[in-house]
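As a plain string of letters, each chain reads:
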Amino acid sequence: MKTFLWLALCSAPGLDLAYKAKTGHLGANPVSTLLHECGSWALNFLMITLAARPLTRLTGWAWPMRRRRMLGLFAAFYATAHFTVYLVLDRELALGEISKDLTKRPYIVMGFLAWLLMVPLAVTSTDGMVRRLGRRWGKLHRLVYASALAGIIHFLWLVKSDRTEPLTYLAGFAALMGWRLWAARRPLVYGSVTN
Amino acid sequence: MASYRSDEPASAITPEHLWANRREFLKAMGVAAAALAAPALAGGRGPFDVDEKPTSLQDLTHYNNFYEFGPDKGDPAENAGALKTRPWTLSIEGEVAKPKTYGIDELLKAFPQEERIYRFRCVEAWSAVMPWTGFPLAALLKKAEPTAKAKYAAFTSFYDAKAMSHAASGIGYPYVEGLRLDEAMHPLALVVTGLYGKPLPNTNGAPVRIVVPWKYGFKSAKCIVKIRLAADQPPTTWNLAKPEEYGFYSNVNPEVDHPRWSQAKERRLGELFRRPTLPFNGYGAQVASLYKGMDLKKNY
Numbered sequence: 001m002k003t004f005l006w007l008a009l010c011s012a013p014g015l016d017l018a019y020k021a022k023t024g025h026l027g028a029n030p031v032s033t034l035l036h037e038c039g040s041w042a043l044n045f046l047m048i049t050l051a052a053r054p055l056t057r058l059t060g061w062a063w064p065m066r067r068r069r070m071l072g073l074f075a076a077f078y079a080t081a082h083f084t085v086y087l088v089l090d091r092e093l094a095l096g097e098i099s100k101d102l103t104k105r106p107y108i109v110m111g112f113l114a115w116l117l118m119v120p121l122a123v124t125s126t127d128g129m130v131r132r133l134g135r136r137w138g139k140l141h142r143l144v145y146a147s148a149l150a151g152i153i154h155f156l157w158l159v160k161s162d163r164t165e166p167l168t169y170l171a172g173f174a175a176l177m178g179w180r181l182w183a184a185r186r187p188l189v190y191g192s193v194t195n
Numbered sequence: 196m197a198s199y200r201s202d203e204p205a206s207a208i209t210p211e212h213l214w215a216n217r218r219e220f221l222k223a224m225g226v227a228a229a230a231l232a233a234p235a236l237a238g239g240r241g242p243f244d245v246d247e248k249p250t251s252l253q254d255l256t257h258y259n260n261f262y263e264f265g266p267d268k269g270d271p272a273e274n275a276g277a278l279k280t281r282p283w284t285l286s287i288e289g290e291v292a293k294p295k296t297y298g299i300d301e302l303l304k305a306f307p308q309e310e311r312i313y314r315f316r317c318v319e320a321w322s323a324v325m326p327w328t329g330f331p332l333a334a335l336l337k338k339a340e341p342t343a344k345a346k347y348a349a350f351t352s353f354y355d356a357k358a359m360s361h362a363a364s365g366i367g368y369p370y371v372e373g374l375r376l377d378e379a380m381h382p383l384a385l386v387v388t389g390l391y392g393k394p395l396p397n398t399n400g401a402p403v404r405i406v407v408p409w410k411y412g413f414k415s416a417k418c419i420v421k422i423r424l425a426a427d428q429p430p431t432t433w434n435l436a437k438p439e440e441y442g443f444y445s446n447v448n449p450e451v452d453h454p455r456w457s458q459a460k461e462r463r464l465g466e467l468f469r470r471p472t473l474p475f476n477g478y479g480a481q482v483a484s485l486y487k488g489m490d491l492k493k494n495y
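Chain order of the listed sequences is A and B. 1 is the number of the first residue of the first sequence in my numbering; add one for each residue after it. 196 is the number of the first residue of the second sequence in my numbering; add one for each residue after it.
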């Protein structure tokens, strides 16, 4: 598939939200809807990114690994949108409140950590950086595992009672990580695909 | 009253401008305030009404915490249509001289209905202004003649696993709530049967619920089937689920944070920017005396 089609597909949730915001279709509490939707899409893209390698390995398709960097950047994009909505619209840039949140409220600390871990990954996602970092690039980008786990814990700690959704993410994450452990003990079937 | 289904399109419900016009119309007709069931209709606002614009009916019926119909705010609008509100009974029992089970239509006829425009503050820091129809809970309780032993009122909500197959996990059902008897007897505490001058929508707890406007929303039990007066403090659903987060009193209090978030401000549905939360949700002048000498940080 052409790159612009991928870009369009991955931007669709964001464009949909922007359109709904403009036309007043975000429901009774638009700030809360924006916040939750951006957060969900950040987690969705993290899961899709983590699924790229197993998918390529299991099916032999090249496209999941070829598009993985873009998928990861979209995870960072939605996470940044989520954080920005929290800072600007939800907390209205009230610095006292925000600093209290970021130091005293465990689920917010965990969410901030998930976002923070994505920053070096997004920054080093250019071709030049991949070249420059060489083997260290792959090592650095294992931070994505920690970021995804922190993001899921953030979700788990913020729900009031029903944990179905965050536990679904956790199950997906466990499956993807479990596959990695299992695959690491077996020789490559499609030898050329690594990372 | 005709049975009411929340899955009717919003246009089938009284549009807000007609509701407002009705008030104007009655005023123009020169109807004396005393002759009206709803004192608020005559002068625009009655002594119990807040002088704030009611939240749109669309928002009030599409943004609900009603866990029996699912964990998301939009779930009740989709699922609460399965609730059958006729036949329906409400029993008053326990420490009363005259226990009684009312049929819902009997209940509606037995007590004069009035309109009250109340603030509503959810524990999640969003809020609304709701034009309820109902009658003082005190009237219902007095009729049952509480015994000297009665110190608390316990409310039980309707639960039916079949009609409520989308119920959120993490809390027990049926939903139970409670008040101290003096809180329940306070003139602001309401038995609510309507919203915007129409029978209560399913999404908001049809056909009959409790509304206690100075407490967080979860204290106002929906779809109630039983009121039991008791000597001891009754168990309450959210307190059972997370005692460190939700106390028995749960009075709106900007000074006492929820362990996970601040309660200092709230976002009114339909508004972008937050506003400060008022002690007792703005009803301090009426209810603060109920809690004289109590440590409200301890009794959250």
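Rather than coming from a laboratory, the hints here were simulated on the basis of the structure. A couple of the hints might just be wrong.
Think about it this way: if two alpha-carbon atoms lie no more than 25 Å apart in a straight line, the pair counts; the simulated PhoX-like pairs of lysine-lysine are [as the list claims (entries may be wrong)]:
| hint | chain 1 | residue 1 | chain 2 | residue 2 |
| --- | --- | --- | --- | --- |
| 1 | B | Lys-248 | B | Lys-337 |
| 2 | B | Lys-492 | A | Lys-160 |
| 3 | A | Lys-22 | B | Lys-337 |
| 4 | B | Lys-293 | B | Lys-421 |
Derived coverage of chain A by chain B (criterion: at least 3 residues anywhere in the stretch with Cβ under 8 Å from a Cβ of chain B; other residues may be distant) [claimed, not checked]:
| hint | segment |
| --- | --- |
| 5 | 24–36 |
| 6 | 60–68 |
| 7 | 138–147 |
Which chain A residues face chain B? A few, computed with CB under 8 Å, are given here [stated by the list, open to error]:
| hint | residue |
| --- | --- |
| 8 | Arg-53 |
| 9 | Phe-83 |
| 10 | Arg-163 |
| 11 | Thr-164 |
Heads up, the beta-carbon is just placed ideally off N, CA and C, and yes, glycines get one too.
For each hint, the structure was consulted:
no.: 1; hint: Lys-248(B) <-> Lys-337(B); verdict: violated (33 Å)
no.: 2; hint: Lys-492(B) <-> Lys-160(A); verdict: holds (21 Å)
no.: 3; hint: Lys-22(A) <-> Lys-337(B); verdict: violated (52 Å)
no.: 4; hint: Lys-293(B) <-> Lys-421(B); verdict: holds (14 Å)
no.: 5; hint: 24–36; verdict: holds (count 6)
no.: 6; hint: 60–68; verdict: violated (count 0)
no.: 7; hint: 138–147; verdict: violated (count 0)
no.: 8; hint: Arg-53; verdict: violated (32 Å)
no.: 9; hint: Phe-83; verdict: violated (17 Å)
no.: 10; hint: Arg-163; verdict: holds (6 Å)
no.: 11; hint: Thr-164; verdict: holds (6 Å)
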